[in-house]
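**Q** Residues per chain are reported as follows:
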Amino acid sequence: MKNAESKRRAAPSFLAPPRRARRDAAGLGAISAARARLLIYGGMCVLLIPFVFPTWWMVTSSIKPASDIFAFPPQLLPTHTDWSTYAQVFKLQPFGQQYWNSAYIAALVTVGTMAVSSLAGYAFARVRFPGANALFMVVLLGLLIPAEVTIVPLFQLFRRLGMVNTHWPLILIPIFGAPSVFATFVMRQFFIALPVELEEAARVDGLGRFTIFRKIALPLARPALASVAIFTFLHSWNLYLEPIVFLSSAHMFTLPQALTHFTDAYGGPLWNVQLAAATLTALPVLIVFVVAQKQFVEGLAHTGLK
Amino acid sequence: MAEVLLSNVRKSYGRTDVIHGIDLTIRDGDFVALVGPSGCGKSTLLRMVAGLEAITHGDISIGGRVVTDLDPKERDIAMVFQNYALYPHMTVAANMGFSLEHRGGSKTQVAERVRWAAGILGLEQLLERYPRQLSGGQRQRVAMGRAIVRDPQVFLFDEPLSNLDAKLRIVMRGEIKTLHQKLKTTTIYVTHDQVEAMTMADTVVVLNAGRVEQAGPPLELYDHPANQFVAGFIGSPSMNFIAGTITADGFSTSAGAVLPLPESENRLPHGPAIYGVRPEHLALSTDSGIPAQVLLVEPTGSETQVTVQLGGTRLVCMLRERAALTPGSTVQLQPRVDSVHLFDAASGKRLGA
Amino acid sequence: MAAASTALTSTPAPRRRPYWTIARRDALAGWLFVAPQLAGIATFVLLPLVLVAWFSLHEWNVLANTFNFVGARNYQQLLADPNLPGVLGASAVFSAGLVVFNLSLALLLAVLLNQKLAGIAVFRTLFFSPVVVSLVAWTIVWGFLLQKNGGINGALLALGIEGPNWLRSPGTAMASVIVVQVFKNVGLNMVLFLAALQGVPGELYEAARIDGVPRFKQFRRITLPLISPTIVLTSIITVVGSLQVFAQIAVLTQGGPGISTTVLVYYLYQQTFQFNMFGYGSTLAILLFVIVLVLTFAQWSLRRKVVFHEER
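Chains as they are written, first to last, in the working numbering: chain F, 129 to 434; chain Z, 31 to 383; chain C, 2 to 313.
Here chain F stands alone, though its shape is the one from the complex (with noise of 0.2 angstroms):
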C-alpha cells in the first residue's frame, strides 16, 4: 500500500477531483429539480406559440363576422359567429370542384411518384447495370434544379401539346420530373440497407429480377413508402406556382391558388372568407395527421439523412 500512497502524491495536482464544499442535501436537490421542470414545460409552452397560434387563429376567425376579425383587444375565441363564411366559400369560386382537383391529382401524384420513385431507387440500390452511377449523378441533378428554372420551357412545352389548362403538367412533371428525384433518393437508401441475404434466398430458389421486387423488397419497403406517400402527397397538395402558371380557369384550379381569389370588389381579400376556404384547405392533412401523427414524424426522420 506505500507505493500506492507515494505514487498518488506524485501525481500532478490537477488530477484532484473538484472538492465540494458541503454535502448536498437531498431536499433541496429534489426541489430545484421540480423547478427546472417546470422552466423546461413553460419555456417550450412559450416557444409553442408563434407555432400553433397561427393555426388556431385561422380557425377561430373562420367563423367570425368580417368586423370583428380587426376588432381590438383581438378576440382569442369568436364572440359572435359567422357561419356563412364557409357557404360564401362555396359560392365565391366553384370551391367544391378545386377541393377535387387538388385531391385527385394529389393522389395520382403520389401514386404515381411512388411507382417510379420504389422502381428507380431499388435498380439503383441493387442491380448492378453499366452506367448506374454515372446515372444515378444525373438523376440527382433534378434535386438541385429549381421549379422556376424550368417552368418558362416546361410551359411552352405543355402549350405545344395543347395541355394549358389541363392537369396533366401538374399531375406529369412531379410523377417524373425532379420533385420525384427526392423520393427516389430515399427508396434507394432505404433498399440499401436492406439485407442482401433476403434476395439471394429468392435467387436460389429460381425468382426473377422483376419478382424479387414485388414480392420480397417492395413489402418491406413499406416504412419508406409510407414516408414517400406522405411527403409527396403534401407537396402536390401545396403546389402554388405551378398551378398559377399553367391553369387560368376558375374551374381548374387547385386549392393554394383558389385561396388568393377570394377577393370583394375592390379586389381587397375577404379575410373571413379566405380564412374559412384556408381552414377547409387545411382539415384534411390536418385530421391525417393527428391519427396518423407517429408515422408522419418518424417516416420522415427515416429519409435516412446519414
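Calculated from the structure, these hints are not laboratory results. Here a beta-carbon is modelled for each residue, glycine too, at the ideal position from N, C-alpha and C. Treat each hint with caution, since some may be false.
Ranges of calculated distance between the beta carbons of each label pair, as one might list FRET restraints [to be verified]:
#: 1; chain 1: Z; residue 1: 356; chain 2: C; residue 2: 200; range: 53 to 61 angstroms
#: 2; chain 1: Z; residue 1: 44; chain 2: F; residue 2: 232; range: 47 to 55 angstroms
#: 3; chain 1: Z; residue 1: 67; chain 2: C; residue 2: 203; range: 23 to 31 angstroms
Here are the computed lysine-lysine pairs in the DSS-like style, where the Cα-Cα straight-line distance is at most 27 angstroms [claimed, not checked]:
#: 4; chain 1: C; residue 1: 218; chain 2: C; residue 2: 117
#: 5; chain 1: Z; residue 1: 197; chain 2: Z; residue 2: 207
#: 6; chain 1: Z; residue 1: 137; chain 2: Z; residue 2: 103
#: 7; chain 1: Z; residue 1: 103; chain 2: C; residue 2: 218
#: 8; chain 1: Z; residue 1: 103; chain 2: Z; residue 2: 214
#: 9; chain 1: Z; residue 1: 214; chain 2: Z; residue 2: 197
#: 10; chain 1: Z; residue 1: 137; chain 2: C; residue 2: 218
#: 11; chain 1: Z; residue 1: 103; chain 2: Z; residue 2: 207
#: 12; chain 1: Z; residue 1: 197; chain 2: Z; residue 2: 212
#: 13; chain 1: F; residue 1: 422; chain 2: C; residue 2: 117
#: 14; chain 1: Z; residue 1: 212; chain 2: Z; residue 2: 103
#: 15; chain 1: Z; residue 1: 103; chain 2: C; residue 2: 117
Got chain F sorted already, so can you dock chains Z and C onto it with the hints?
**A** Structure of chains Z and C alone, referenced to chain F:
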C-alpha cells in the same frame, strides 16, 4: 485511502425493490468482483457507486467521504464500459486526454499523463489512430487507458470483456489482473462469468435478485459455499445436486441409493436435504461404490467429462485422466466424502460446518 | 477402367456462352427499372435546362410575339441591370437569415425535445404541425396577422407598444417573410436533428459525466461532431430550399416594399410572367441555377473539413 463502503443500499423503481439493503465493505486496494446471473442487480449496484443511478436509500462512501448525493465527477472514480464508450471522432490520445483537458493541467502535463498510461497498456503505437481502426482488444485497452489516466481512487468495470471472443478474453483477463497488481487501485469488477471472477478477484461477491448471497475470497466461496445458489453458481462445470434425506446411515436418495456422509459432521439434522458434490470430487471405480449408468463421455484432451445417470438425476464427473468408458455401461461412483456439501432442502442454506 | 480414366482426363468441348447471361439480363432489368425516372428527368429537367439556356439567348416577348436571337445581349443586360444588386442582396439576406435562424431553432427544439419528459411527444407533434398545413393557408393567416391593425399589432398594443406595418416597411418586411417561412418548415429539420441526436450512444455521455466533463462541453465536443453529417446535409437542403421560396413572397409582400423582398426567384417570376420578358427571364433562370450549383458544391466540399466520418 480508497475504501468503499456500502451501507444498507437500496434501490427501488416505484414500488418495486431491485436492490434490497446491501452492506458491503471493500478494502483499499482490493479487487472485488460482483458476479451473478442476468438481472441480479450487479450492474445497477455498480452504477450506483458510479453515481449514474440514484440511490433510493442508504449511503455509499469512497475513501472516507460520503458520496451518496455527489455527482459522478466529484467521486474521483473512473469507469470502463462494456461497449467501451470511446468517442469515435477523437484519436486514441484525444480520447484518453479528454477528461484531463478541462481540469487545468497544461497541454504538456496532459500529454505526459497520456503517454504514461499508454506505456502501461502498450498503446504507444496507436495514439494517433481512431477507434474504428482498432480491434476489439485494442479498444478495450484504450477504454482502460482513459480510466487510469486520471488516477482515480476507484476503478469500476462493467462487464468489459463480454464483447470479446473467448481467446481474447483470457488474454485481457491477465492484462487487467496485471494492471491491478501494478497500480493497486481499488477495483470493482462486474461480470456474469464466474471464471473471470474467480481468477481475477481478491474478493468475490455473489449477487442474486438484488441480495448478496455470499462475499469472500474466491477459494472460500468454492470450498465453503454458504448456500445452494452460490454452490451451483461458482465452479464450472457446476456442482451436482441430488435430492434426498439425511438418515443415520447416510444420505438416502429418492431413487433408493445411499450416499456417504462426511464423517466429522455427525451433528447433521436428519430430514430432507440436498447433497452437493463437485464433478472433480466424483471418482469412478470399477469395483466398489454407488452404481450409475454412463450416458455421455466427452474428452477435452486434458480431462474427461463423464455424464452418468443415478436414479432420476444426471451427474457430471470430471476425471483427470483418459477413461475408456462406453455409454450404457455401468460404473461405480465414489464421491470424495470430505468434499461433500449438504444444504437444507427448503432454505438452501448450508448444513453443518 | 482405362476408358473411365480417359473420360475424366480429357477436356470437354468448349460451350458457346449464350448472349443473355444472367448478368446481362439483370442489367437489362436495371435499365428498364430506371427508364421511367430517367425519361422523366430527360424530358422535364434536362431538356428544359437546355431550352432555358437557348431561350436566354433570345429576346422574346410573348405578347408581341417576337422571338429574336440576340446572342449574349441578355447577359449584358443582366450585368447592367440596376435592380440586380438589390435582388441578389435580398436573396443573400433572405437565404442567410433563413438558414441561420432555421438551423439554430431546429437544433434548439431538437435538444429540448430529446429529454425524457412526460408528454414530450405532444410537444413534438405541435411543433411539427405547421409543416403539414397548406403553405398558402399558413401564409395567408400570417399575412393577416401581420397587417397594420392585425393580430400581432393588436397583442402588442395591449402591452402598450405600437407595432410597425410589418409587411410594408423595408426592414421588417424581410424579417417577417423569413420568420413566416422558418416557423412553417423548422419542424422538418427539428425531426431530422432529433433522429440524429438519438443516434448518439448514451454511453458516451455517461463516460463524459464520470470523467467530469461539463454539460456544455459535452454538447460542443461530443454531440455536435457526431451529428455533423446531418447538420451539413440539412443545411444544404435548407439553402437550396431557401432559394426557391416563392409563394410566401408572392402572397405577403409581392416583392415590396420597393424591391426589398424581391429575391431572385420572385424577380424571375415578375420578369417572365408580369413583364412578359421570357428571354430575360430565362437568363435569370440560368443565373439562379448557377448560384444553386456553386453553393451546393461549396457546401459539399466543406463537408470534408467539418464532418466527422463515421465508419460505414
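**Q** With reference to the structure, classify each hint as holding or not holding.
**A** Hint check:
For residue 356(Z) paired with residue 200(C), a C-beta distance near 58 angstroms keeps the hint of 53 to 61 angstroms intact. At about 53 angstroms, the beta-carbon gap between residue 44(Z) and residue 232(F) stays in the expected band of 47 to 55 angstroms. Take residue 67(Z) and residue 203(C): their Cβ atoms lie about 24 angstroms apart, and the range 23 to 31 angstroms holds. Restraint check for residue 218(C) and residue 117(C): satisfied, since their Cα atoms lie roughly 21 angstroms apart, inside the 27 angstroms limit.
Pair hint residue 197(Z) plus residue 207(Z) holds up; C-alpha atoms about 16 angstroms apart against a cutoff of 27 angstroms. For the hint linking residue 137(Z) to residue 103(Z), the alpha-carbon distance of about 21 angstroms falls within 27 angstroms, and the restraint holds. A threshold of 27 angstroms between alpha carbons decides the hint, and for residue 103(Z) with residue 218(C) the separation of about 14 angstroms falls inside it, so the pair holds. Taking the CA atoms of residue 103(Z) and residue 214(Z), the gap is about 21 angstroms. The hint holds against a cut of 27 angstroms.
Taken as a hint, the residue 214(Z) and residue 197(Z) pair is honoured in the structure, with Cα atoms around 26 angstroms apart against an allowance of 27 angstroms. A distance of roughly 17 angstroms separates the Cα atoms of residue 137(Z) and residue 218(C); the hinted pair therefore holds under the 27 angstroms criterion. Pair hint residue 103(Z) plus residue 207(Z) holds up; C-alpha atoms about 26 angstroms apart against a cutoff of 27 angstroms. Taking the CA atoms of residue 197(Z) and residue 212(Z), the gap is near 23 angstroms; set against the 27 angstroms cutoff, the hint holds.
Between the alpha carbons of residue 422(F) and residue 117(C) the distance comes to roughly 17 angstroms, so the proposed pair stays at or under 27 angstroms and holds. With a C-alpha separation of about 25 angstroms, the suggested pairing of residue 212(Z) with residue 103(Z) holds against the 27 angstroms cut-off. At most 27 angstroms may separate the alpha-carbon atoms for a hinted pair to count; residue 103(Z) and residue 117(C) meet this at roughly 22 angstroms.
Violated hints for the displayed structure: none, as all numbered hints are satisfied.
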